[in-house]
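Protein chains: 4
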Amino acid sequence: MITLEQARSIIAAAEAKADEIGQPMNIAVADWGGHLITHIRMDGAWLGSIDIAIKKAFTARAFDISTRDLAKLAPDGGEFFGINTSNQGRVMIFAGGIPLYREGRVVGAIGVSGGSGVQDQAVAEAGAADFAARELAASD
Amino acid sequence: MITLEQARSIIAAAEAKADEIGQPMNIAVADWGGHLITHIRMDGAWLGSIDIAIKKAFTARAFDISTRDLAKLAPDGGEFFGINTSNQGRVMIFAGGIPLYREGRVVGAIGVSGGSGVQDQAVAEAGAADFAARELAASD
Amino acid sequence: MITLEQARSIIAAAEAKADEIGQPMNIAVADWGGHLITHIRMDGAWLGSIDIAIKKAFTARAFDISTRDLAKLAPDGGEFFGINTSNQGRVMIFAGGIPLYREGRVVGAIGVSGGSGVQDQAVAEAGAADFAARELAASD
Amino acid sequence: MITLEQARSIIAAAEAKADEIGQPMNIAVADWGGHLITHIRMDGAWLGSIDIAIKKAFTARAFDISTRDLAKLAPDGGEFFGINTSNQGRVMIFAGGIPLYREGRVVGAIGVSGGSGVQDQAVAEAGAADFAARELAASD
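Chains as they are written, first to last, in the UniProt record's numbering: chain V, 1 to 140; chain Z, 1 to 140; chain X, 1 to 140; chain C, 1 to 140.
Incorrect hints may appear among the rest.
It does not matter which identical chain is meant; a pair holds if it fits inside one copy or across any two.
[Said to hold, decoys possible] Calculated cross-link-like contacts (lysine to any residue; reagent style SDA-like; alpha-carbon spacing at most 25 Å):
(1) Lys72 x Trp32
(2) Lys72 x Gly33
(3) Lys72 x Gly44
(4) Lys72 x Arg105
(5) Lys72 x Thr85
(6) Lys72 x Asn84
(7) Lys72 x Gly22
(8) Lys72 x Gly104
It should be emphasised that the hints constitute simulated quantities derived from the structure, not laboratory data.
Required output: the full structure, derived from the provided sequences and hints.
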């Protein structure tokens, strides 16, 4: 399981990336069940992105896929068109949600919202990289 | 914060524009938190637009962007496709919602619904222009 | 039908009463269909009362009864216990919603929220009294 | 406005209290508009309390009252019976939500869920006390 301490480390790494980019973000980390462990809204970040960041984390865990990749399957006419209206509207289908892995299995996810899709993705990747690096260090 | 008196002035300016166009409208003004300050439905305006006007105001504040511009990012295959299913269905992605600025910061928004996108936008702009003019006068 | 001009007169009378009491209120007027005509949130009124004022107006029209009287029928074990979870949660069962009458028929309602039940009721009654007086004058 | 840094300080104080009590908690801080600034779920805290903590913070801000005091007004037959079905189900009416004050005005709220009402209240009070102490220090 991802602990609060680990989730905070993920948030810190993502937050540092957002600061570097210069775009305030909402950042959320979800656990194995897709449930929120912790969330931050950086000063000045969009109000509407609170919900989106939390849902991107849920989505990435719910389908064990990045929301960016899920989006490619969900356009009009796509295999999963309309998936974003399932699960009581908790599914988000644009970039910024990434699964977190431990020993090859998804154990949680990070969700980021507050900028362009490219920015959200970069910040989420920074958080996920922090988790991966610490997992690697812990397994040594 | 936007006072009720200021919100009423915004509504009056927007209403005058709607009268000029000859199209009855629902007009809503939201505060810093996206919450409704005041709303009017002009005689003959659509019932279904009550909800939409209020949500356009929420959306313009939630993402600090006009709903017309947000819509451009949210078509099928767009960066924010599906954003309208976030925030418990309170996000509207067609023209008529505009942020209100004080000293360069968004402090609220106006939402208008009742006609074509072009009409809604024009009425919202009239309301936003009233607020901007009064802010300018107050800062002198 | 209640016009926007009439609804504004109702609001003004209710607002004057709220000022007299010294308690900021949310005040809403609904039409024959229970749909919002206009709403104001007085400066400093509770955010959570926006929704409640609008719903009290809906409720008073939906069941053609004051919400204070409906509440008496809806306690645990009462005939209408649980009614507040019907209609997509739009039913409110405490004082402050009052039907508006024209020639003995309900044509709309006022909903007020922001103080105690006694205060809300008094402000709603002031609004309803304004409408009744104007109807009487118009019928002469 | 409450900054993320201030919200984190509030969380830290509340978390220390929860550790002292020995009961893992969900702790949320909301801003002036009732919107989430930051949230933590301590290891082992209930999943179902994520939502409740966030809603307690919303409620305490929406009505500018502690949820414990609101609960006293909302029993069967009470003045505000049924208030928990307003605001799209975001109103929670048991102890653990407390408004945060700056210069006598509510500027946000803390919401805590994870233990008994007495425990939740104690943890929320620890967070609120931290904010009050820092506000006092800042005003000197």
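I want to check one pair: Lys72 and Gly44. Are their C-alpha atoms no more than 25 Å apart within a copy, between two copies, both, or neither? between (30 Å within a copy, 23 Å between copies)
Within, between, both or neither, where Lys72 and Gly104 count as close if Cα-Cα is 25 Å or less: Answer is within; shortest intra-copy Cα gap is 23 Å, inter-copy 37 Å.
I want to check one pair: Lys72 and Trp32. Are their C-alpha atoms no more than 25 Å apart within a copy, between two copies, both, or neither? within (24 Å within a copy, 30 Å between copies)
Regarding Lys72 and Arg105, is the shortest C-alpha distance of 25 Å or less found within a copy, between copies, in both, or in neither? within (23 Å within a copy, 35 Å between copies)
Checking Lys72 and Thr85: alpha-carbon separation at most 25 Å within a copy, between copies, both or neither? both (16 Å within a copy, 17 Å between copies)
When Cα atoms must be at most 25 Å apart, do Lys72 and Asn84 count as within-copy, between-copy, both, or neither? Intra 13 Å, inter 18 Å, cutoff 25 Å: intra and inter.
Should Lys72 paired with Gly33 be assigned to within, between, both, or neither, using CA atoms and 25 Å as the limit? within (24 Å within a copy, 28 Å between copies)
Reference check for the pair Lys72 and Gly22, CA-CA at most 25 Å: within, between, both, or neither? For Lys72 and Gly22, only the inter-copy Cα distance (23 Å) is at most 25 Å; the intra-copy one is 27 Å.
Every hint from the earlier list agrees with this structure, and none is contradicted.
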